[in-house]
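Number of protein chains: 2
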Amino acid sequence: MLRLSLILLAIPTLALAQEPLSLQAGQKLAQASFGEYLQLLALPNDAINPPDIQKNIDFLERAFTQRGFVTKQLANKSKPMLFAEWPKKIAGAKTVLYYMHLDGQPVVDKEWSQPSPWQPVVKKRDSSNNWHIIPTEALFATPLDPDLRVFARASSDDKGPIMMLLAAFDGLKQMGVDPAFNVKVLLDSEEEQGYPSIPDVVTASKHLLHSDAIVIHDGPRHQSERPTLIFGNRGSARVTLVVHGPKQPLHSGHFGNYVPNPAVRLSRLIASMKDDQGRVTVAGYYDRITLSDAEKQILADTGDDEAAIRRSTGIKLAELVGGNLQEAIQFPSLNVRSMAAASVGEKASNIIPHQAIAEFDLRTTPEAPPNYLFGLLKAHIEQQGYRLVDGAPSDQDRAAYDKLATLTLGSAGRAVRTPLESPLGKWAYQSLQKASLSGEPVRIRMMGGSVPTDSLVEMLGAPFVIVPLVNGDNNQHTFDENLRVGHYVEGVRTIVVMLQAPPAW
Amino acid sequence: MLRLSLILLAIPTLALAQEPLSLQAGQKLAQASFGEYLQLLALPNDAINPPDIQKNIDFLERAFTQRGFVTKQLANKSKPMLFAEWPKKIAGAKTVLYYMHLDGQPVVDKEWSQPSPWQPVVKKRDSSNNWHIIPTEALFATPLDPDLRVFARASSDDKGPIMMLLAAFDGLKQMGVDPAFNVKVLLDSEEEQGYPSIPDVVTASKHLLHSDAIVIHDGPRHQSERPTLIFGNRGSARVTLVVHGPKQPLHSGHFGNYVPNPAVRLSRLIASMKDDQGRVTVAGYYDRITLSDAEKQILADTGDDEAAIRRSTGIKLAELVGGNLQEAIQFPSLNVRSMAAASVGEKASNIIPHQAIAEFDLRTTPEAPPNYLFGLLKAHIEQQGYRLVDGAPSDQDRAAYDKLATLTLGSAGRAVRTPLESPLGKWAYQSLQKASLSGEPVRIRMMGGSVPTDSLVEMLGAPFVIVPLVNGDNNQHTFDENLRVGHYVEGVRTIVVMLQAPPAW
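Chains as they are written, first to last, in our numbering: chain D, 1 to 505; chain S, 506 to 1010.
Calculated from the structure, these hints are not laboratory results. Mixed in with the good hints there might be a few duds.
Said to hold, decoys possible - Estimated spans, in silico, between C-beta atoms of each pair:
| hint | chain 1 | residue 1 | chain 2 | residue 2 | range |
| --- | --- | --- | --- | --- | --- |
| 1 | D | K77 | S | D563 | 51 to 61 angstroms |
| 2 | D | P196 | S | D792 | 22 to 32 angstroms |
| 3 | S | T786 | D | G391 | 30 to 40 angstroms |
| 4 | D | G385 | S | K883 | 50 to 60 angstroms |
| 5 | S | G808 | D | G194 | 54 to 64 angstroms |
| 6 | D | A399 | S | A580 | 50 to 60 angstroms |
| 7 | S | S797 | D | K247 | 30 to 40 angstroms |
| 8 | D | K347 | S | K801 | 37 to 47 angstroms |
| 9 | D | D390 | S | S797 | 43 to 53 angstroms |
| 10 | S | K615 | D | P51 | 27 to 37 angstroms |
What the hints assert, rightly or not - With a Cα cut of at most 25 angstroms, we get these calculated DSS-like pairs of lysine-lysine:
| hint | chain 1 | residue 1 | chain 2 | residue 2 |
| --- | --- | --- | --- | --- |
| 11 | S | K628 | S | K752 |
| 12 | D | K378 | S | K821 |
| 13 | S | K752 | D | K110 |
| 14 | S | K582 | D | K347 |
| 15 | S | K599 | D | K347 |
| 16 | S | K689 | S | K599 |
| 17 | D | K347 | S | K593 |
| 18 | S | K615 | D | K316 |
Computed from a predicted structure; not experimentally measured. All C-beta atoms, glycine included, are put in the ideal place defined by N, C-alpha and C.
Isolated chain D, as found in the complex:
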């Protein structure tokens, strides 16, 4: 904390015109929006079903126009995205694009401990840490219990933040003020499907979306539950490696000790890629990554409780890629996300498999983009004596080469980072500090996961910052997703304060 304060001294103080909204006022704004929030949550939003997406888009378009926004549905096959713009433009002022998404992860109904993921319920936790459904009216009581939670698909990821933004504009209206900069909003309809259409949609509406900075409200706050700013994210590249064995599976009794086993060969290849402490040994993999002492200090200041992380994940020792978790995720990773050779369990038989497969996800960094890492991996495998072929090897390949494999680069996203000390970074930090009811903001240099910043940042040529607003234990991407009501209130307050902070860059 001391160190963080010292850094803060170096940041010039911005003159914020107004005192932040009171907590009580934030609660009232939140409560006034809860009815609309519950209606929105009752709309299924798995992007696999375009008519559902259309209903969400129409609902949200009404919500934005009712508040005075000018809107446009951006054509995207049968799953349009929603664009909204605050009409009172300030000449010469910066423009901030808010990016959020209205689609949600798929659901498996029976996993949920409520009648339906699409029927939001309010729950309260008892002294034994069990959740109980209580009447929805509790959301509208005074005083509001901040520990209540709303359970539904997308309650946190990412409909909650969309409603917080809408409630924040209700707040500005009550206060009789306008945002301190020009505001645009883009709501993605396919974020959970890997945002396949962002490049096309952004290209088609480049002029409309033009902006000076991008603010993303998505994902959970830091584990400490302090206000959180994220300045970058790793990209994700999918790579498939198939090691070819005999033409077809062979009886392991008749050929064991004679015909090479592709599962053993794949194992030897993977073993050659990492050392016993989890460090990638593919030549050059980490070469481009350097962390200055100042950067290491910022990473350490995040204050992760690593003992708790190791306990909750069930490991004794972490890998030694970085000195701590935050350092580790500044480096590209080489993760085996799955592996298969023949069938295990009841379907297993005594064979030499004809092939063995490993699927990797490479987390990339701005310095080490997908093609660069893929090239290193390819060279490494060839150095182990492999001939890389496209698809199944021919008889000629088999006669000519002892070791045969196929390596394929699948979908690949690039990593992006905005400098912490950039004008956008400073503005975001200070306005978040001003709004905070939960201590000094945490600044995360680059998070481990991936969001579609690469397409947005590249196509729009604007820097970005992620301001997550929801609780860390929200179960996003799985069953019993929820949003803590206190986080909702703080989120509304945060957005109100940030909207009033004139960009200093």
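Fit chain S to the given chain D structure using the hints.
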């Protein structure tokens, strides 16, 4: 070939009473049994499903009783085995127990290039080496095309040989003769599951099964397609290795480079077990195996066409365990029969898997039995820093040990060998020589695969010999299993001839 002839000179000639059955007569016997054979193949026989096994047993019991055998279903939980005995006993004559199995390997339907592995089809190969389904009637045409094949699970392994034995008894009946020795038959119902019940069943019926020698019709003939005699087999021990990762699958973006990946750890373990030439590097694994110059000579005399084997299996170089294939399989093996971590393909997601599994089959030799090899493997894994636990590790285990794994020894069979120059060995050689239409018989000291000779030989105190009858390229244990019709005909003939050869010991 010269060397083989010299060996033959040392074997005393037996007086065989009758000329062998003509090829034409063999074809007629085969064709008369094809209808029954196809019906038998239409009965699913994965021993995981006891009611299916019962249907096979009932079908075969009828087939044996119709030919005059006395039968008995030997109780074995819900998967009885079938015992059959030829009722006309010859006082003072030797008794031979024929051992075969009616169960088959598991199937993965979609892998097969026919509607179902349980709907046998007849196929013919075109000039481009592609197989085409043709009407089943072709099996009953005159002349019979020996290159036709019947495709179905268990067509070769091991229902084909069972039907050949039945057809051979039809032949004896037509010829008006009886076997030259007393005949008993035991049909196993769980051979492909590692024959877990043979010891119990044999113990319970020891008197019934008592015999002077065991003849096993299972497995393929030698690659040269000459008549084949096998005097020993490796055992098979199943071992499962589970490397434990985090408590549950984790987001690979947030934890990649921090939480150790169990698929990588499993790969490193497997890599530590074998060198780049396929030699097992687990300490002591090969220590007990020595081959004398004389033994090496017998192994070389097998005359394998290794260039052809490499070509047909699609490999450029063989592993360097032995100087040739026959030498290689005199050593124990350590085969990875399957491997899995999370899901590959469409169900894959960007996670660190919570565990990685490898299933091994260890082929054992008389000198290196299952428990000995398992002990070496266990010690090896512990030497790599692993704490071995039973099942899922506890939180205490996770806090105390960095590397956690579970190693389990499943079903395990021992290897057995009968001396080539024993009286049984000589009798089998000469009668097979007499039946041969395909050159001098090949003698194999110890084959790579496993049959339950250990329990049978040990419990009954009788020597054994394996007389494989089916084609080498029958795809047993995998999809598109098949039996070449010409082999079926030769198999029937061979059994007829052997049944007429009085044991000389």
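We went through each hint and held it up to the structure:
| no. | hint | result |
| --- | --- | --- |
| 1 | D:K77 - S:D563: 51 to 61 angstroms | holds (59 angstroms) |
| 2 | D:P196 - S:D792: 22 to 32 angstroms | violated (58 angstroms) |
| 3 | S:T786 - D:G391: 30 to 40 angstroms | holds (32 angstroms) |
| 4 | D:G385 - S:K883: 50 to 60 angstroms | violated (31 angstroms) |
| 5 | S:G808 - D:G194: 54 to 64 angstroms | holds (58 angstroms) |
| 6 | D:A399 - S:A580: 50 to 60 angstroms | holds (53 angstroms) |
| 7 | S:S797 - D:K247: 30 to 40 angstroms | holds (35 angstroms) |
| 8 | D:K347 - S:K801: 37 to 47 angstroms | holds (39 angstroms) |
| 9 | D:D390 - S:S797: 43 to 53 angstroms | holds (48 angstroms) |
| 10 | S:K615 - D:P51: 27 to 37 angstroms | holds (33 angstroms) |
| 11 | S:K628 - S:K752 | violated (51 angstroms) |
| 12 | D:K378 - S:K821 | holds (22 angstroms) |
| 13 | S:K752 - D:K110 | holds (23 angstroms) |
| 14 | S:K582 - D:K347 | holds (22 angstroms) |
| 15 | S:K599 - D:K347 | violated (41 angstroms) |
| 16 | S:K689 - S:K599 | holds (11 angstroms) |
| 17 | D:K347 - S:K593 | violated (43 angstroms) |
| 18 | S:K615 - D:K316 | violated (43 angstroms) |
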